[in-house]
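Undergrad: Working from the sequences, and respecting the hints, build out all of it.
Protein chains: 2
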Amino acid sequence: MKFSSKVKKCALSPMRKFHPYAVAAKEAGKRIYHLNIGQPDIETPPQYFEAVRNFQLPVLAYAESPGMPVLIKAIQKYYGNLGMHFAEGDILITTGGSEALQIVFNCILDDGDEVIIPEPFYPNYNTMVNTCGAVIHPVCTSPEDGYHYASRAKIEAAINERTRAIVCTNPGNPTGNVLTPEEMRMMVDIAKEHGLFIIGDEAYREFVYAGEPLQSLGEFEDAAENVVVIDTVSKRFSACGARIGCIISRNRELMGEAIKYCQARLSVATLDQVASAALYDVGPEYFAAVREEYKRRRDTVVAKLKDIPGVICECPRGAFYIMAALPVDSADEFQKWLLTDFDDNGDTVMFAPGESFYATPGMGVNEIRIAYVLKQKDLERAMDLLALGIEAYNKR
Amino acid sequence: MKFSSKVKKCALSPMRKFHPYAVAAKEAGKRIYHLNIGQPDIETPPQYFEAVRNFQLPVLAYAESPGMPVLIKAIQKYYGNLGMHFAEGDILITTGGSEALQIVFNCILDDGDEVIIPEPFYPNYNTMVNTCGAVIHPVCTSPEDGYHYASRAKIEAAINERTRAIVCTNPGNPTGNVLTPEEMRMMVDIAKEHGLFIIGDEAYREFVYAGEPLQSLGEFEDAAENVVVIDTVSKRFSACGARIGCIISRNRELMGEAIKYCQARLSVATLDQVASAALYDVGPEYFAAVREEYKRRRDTVVAKLKDIPGVICECPRGAFYIMAALPVDSADEFQKWLLTDFDDNGDTVMFAPGESFYATPGMGVNEIRIAYVLKQKDLERAMDLLALGIEAYNKR
Numbered sequence: 000m001k002f003s004s005k006v007k008k009c010a011l012s013p014m015r016k017f018h019p020y021a022v023a024a025k026e027a028g029k030r031i032y033h034l035n036i037g038q039p040d041i042e043t044p045p046q047y048f049e050a051v052r053n054f055q056l057p058v059l060a061y062a063e064s065p066g067m068p069v070l071i072k073a074i075q076k077y078y079g080n081l082g083m084h085f086a087e088g089d090i091l092i093t094t095g096g097s098e099a100l101q102i103v104f105n106c107i108l109d110d111g112d113e114v115i116i117p118e119p120f121y122p123n124y125n126t127m128v129n130t131c132g133a134v135i136h137p138v139c140t141s142p143e144d145g146y147h148y149a150s151r152a153k154i155e156a157a158i159n160e161r162t163r164a165i166v167c168t169n170p171g172n173p174t175g176n177v178l179t180p181e182e183m184r185m186m187v188d189i190a191k192e193h194g195l196f197i198i199g200d201e202a203y204r205e206f207v208y209a210g211e212p213l214q215s216l217g218e219f220e221d222a223a224e225n226v227v228v229i230d231t232v233s234k235r236f237s238a239c240g241a242r243i244g245c246i247i248s249r250n251r252e253l254m255g256e257a258i259k260y261c262q263a264r265l266s267v268a269t270l271d272q273v274a275s276a277a278l279y280d281v282g283p284e285y286f287a288a289v290r291e292e293y294k295r296r297r298d299t300v301v302a303k304l305k306d307i308p309g310v311i312c313e314c315p316r317g318a319f320y321i322m323a324a325l326p327v328d329s330a331d332e333f334q335k336w337l338l339t340d341f342d343d344n345g346d347t348v349m350f351a352p353g354e355s356f357y358a359t360p361g362m363g364v365n366e367i368r369i370a371y372v373l374k375q376k377d378l379e380r381a382m383d384l385l386a387l388g389i390e391a392y393n394k395r
Numbered sequence: 000m001k002f003s004s005k006v007k008k009c010a011l012s013p014m015r016k017f018h019p020y021a022v023a024a025k026e027a028g029k030r031i032y033h034l035n036i037g038q039p040d041i042e043t044p045p046q047y048f049e050a051v052r053n054f055q056l057p058v059l060a061y062a063e064s065p066g067m068p069v070l071i072k073a074i075q076k077y078y079g080n081l082g083m084h085f086a087e088g089d090i091l092i093t094t095g096g097s098e099a100l101q102i103v104f105n106c107i108l109d110d111g112d113e114v115i116i117p118e119p120f121y122p123n124y125n126t127m128v129n130t131c132g133a134v135i136h137p138v139c140t141s142p143e144d145g146y147h148y149a150s151r152a153k154i155e156a157a158i159n160e161r162t163r164a165i166v167c168t169n170p171g172n173p174t175g176n177v178l179t180p181e182e183m184r185m186m187v188d189i190a191k192e193h194g195l196f197i198i199g200d201e202a203y204r205e206f207v208y209a210g211e212p213l214q215s216l217g218e219f220e221d222a223a224e225n226v227v228v229i230d231t232v233s234k235r236f237s238a239c240g241a242r243i244g245c246i247i248s249r250n251r252e253l254m255g256e257a258i259k260y261c262q263a264r265l266s267v268a269t270l271d272q273v274a275s276a277a278l279y280d281v282g283p284e285y286f287a288a289v290r291e292e293y294k295r296r297r298d299t300v301v302a303k304l305k306d307i308p309g310v311i312c313e314c315p316r317g318a319f320y321i322m323a324a325l326p327v328d329s330a331d332e333f334q335k336w337l338l339t340d341f342d343d344n345g346d347t348v349m350f351a352p353g354e355s356f357y358a359t360p361g362m363g364v365n366e367i368r369i370a371y372v373l374k375q376k377d378l379e380r381a382m383d384l385l386a387l388g389i390e391a392y393n394k395r
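Sequence lines, in order, name chains U and Z.
Note that numbering that gives the first Met the number 0 numbers the first sequence so that position 80 is 79, with each residue one more than the last.
Note that numbering that gives the first Met the number 0 numbers the second sequence so that position 145 is 144, with each residue one more than the last.
Misleading hints may appear alongside valid ones.
Since the list can't tell identical chains apart, any single copy or any two copies may satisfy a pair.
Within a straight-line C-alpha distance of at most 27 Å, the following computed BS3-like cross-link-like pairs (lysine-lysine) qualify [what the hints assert, rightly or not]:
1. LYS191 with LYS7
2. LYS335 with LYS8
3. LYS72 with LYS16
4. LYS25 with LYS72
5. LYS294 with LYS335
6. LYS191 with LYS1
7. LYS376 with LYS72
8. LYS153 with LYS191
9. LYS1 with LYS153
10. LYS374 with LYS335
11. LYS25 with LYS303
Just so you know, the hints here were simulated from the structure itself, not pulled from any lab data.
TA: Following this line, the structure appears as structure tokens:
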């Protein structure tokens, strides 16, 4: 049987290859501290479950293809509080930020087209772009420069006649990089000047730690045709399993194409939309507490990393990830070894090796991504295990 | 800004074009009987809402990318009761049957490839196939022959070197056509002989009215490489808003490609999976009662249609749709006129005009699809309105 050449180009999740080793380690009685996945341990606000319990309609019917008005209104209000005003037609509810990205890429990409994405980047962008027949044109950054990508020269050097869009994951996954307002303005200007879409994947918007105001590419009303914001309740409300996201854009032609996809898949889950609308009732104290918790974790991880000789990292300004270069030959080999050959009192640790976050071959070989999604005590222990592991690995 | 040539080829839902007329009719005080949409009015089993209320985990986390084991096990058991045995790896949970179809088409289709689908067919197949760069190769049927498509000569005449799959919507939407066991065997044999996938969209499996055993292409274990079953809880349990479906196939290479898509979109909504698993706890009396209700409605619609002079239709054996040819010049014009110029004591009626169910231009112009999803009394009134409407329309 023949398969699509596009899907053949895609790979399984790179995280998956360590799964058998992790299973074996657990079977051997080891305890694994997981710094490898971005699943927060923060409790989902009770508003979600209350809304679900209060749902009283006897028939669980299809919702409207563009999304339920109650949720669209909640999102409009949330952005209104941040000083951004979107019409109802500027918002399409999707099954997570993932479907939002898939729909947007499918609407704007043809075979051979290119999307500029600073690397390291979220690996699922690969499948999303490649299944459209397009390719990611990476903009290279490095741990030495703090993974800084907002340089006009760097971005413009990557633009060619096949470029259709620039993706800004802001705050960044896996780097924790946060654009300054001036950098955002510049990125938007580049998109305007070259007639490109600029897609802001802003899943981690609330997770910034310097007291700065929350940001969005949606602020740039002068670039209404260019800007697309991808949003989700997943991280904001620790509701990853809700699978509720949205596409936000003032580009009506784009939204007119996107609605074709929305209609073809009929609707997004009804209960999850109702419950996600209720999430937007949480007060600012919720965000303040979550932000404080993650900031404390970030500071712990950074302090512990700085104490490990040979580690290169900068203190990330946002999201709940940190990317670092380790003094090891291969983070991949090191991770495997941590699962097969290492333990400290029966404990070991998992992170995400860096290579899979890069499109350029050979990049990120000695880098790792740490997701600081564990409670303080576990996080400290996990970082100590990392330090002990590096020392033992290099002494083999 | 440039958009994908593939999405540009797709159209908005053809049902949408009557929406403004329906709004105007309602504003003018008319009551509209909706026979145009496949949203059942049957109550969702309480098991769904109970499972949702009983969910006690504090964090609504991502589910497993292939689907939650509790739901996969429930589906395995359901098929086991029908005499079909599937391994855990033969089932991938999806966001509705829609995502299941999208993933399968994306896995098997390249630009210029063809999918054989008997027409009239479910219009969303158009967007799903066209966004893959492929085209639907229709196999023509007509109201005069009861929309019968299972003819070896007809199907084989449509096969060429670009053909990748045959889609059997069984029971059929919009026709209500149900394949006999012999016809299923023949369709599967054609797929085997020509090295094609045969995709059974079996959303309406339970809705058959002659007391026959429930059927599935999944029975044909000798065609493990060819058969793909698309399933969903939407119609089976009147849970369209759950958006829970699945891909079922013993073709491990296909499932290996499909999992790439599943991983890229992370997971399907957690609560809806837990609750859908609980739906499979309903007993056979649930299905018997629902089947009885729809059978009564079908018989009402058919009897009323037979009484209208000039209508051509056969009694459908399954699903909850009937396709019929009306004695009007254009079902499209007639529908518009029913909304703008007709009423009987303030009442009018909507159906789905037939043209959009065909790929061949000019086909289905005087046909309509009726979804018998209204309660008996409303259904009778709706059918009387249709008869009165035809008479008045042809007397203009």
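Undergrad: Of the hints given before, which are not true for this structure?
TA: Hints 5, 7 contradicted; others consistent.
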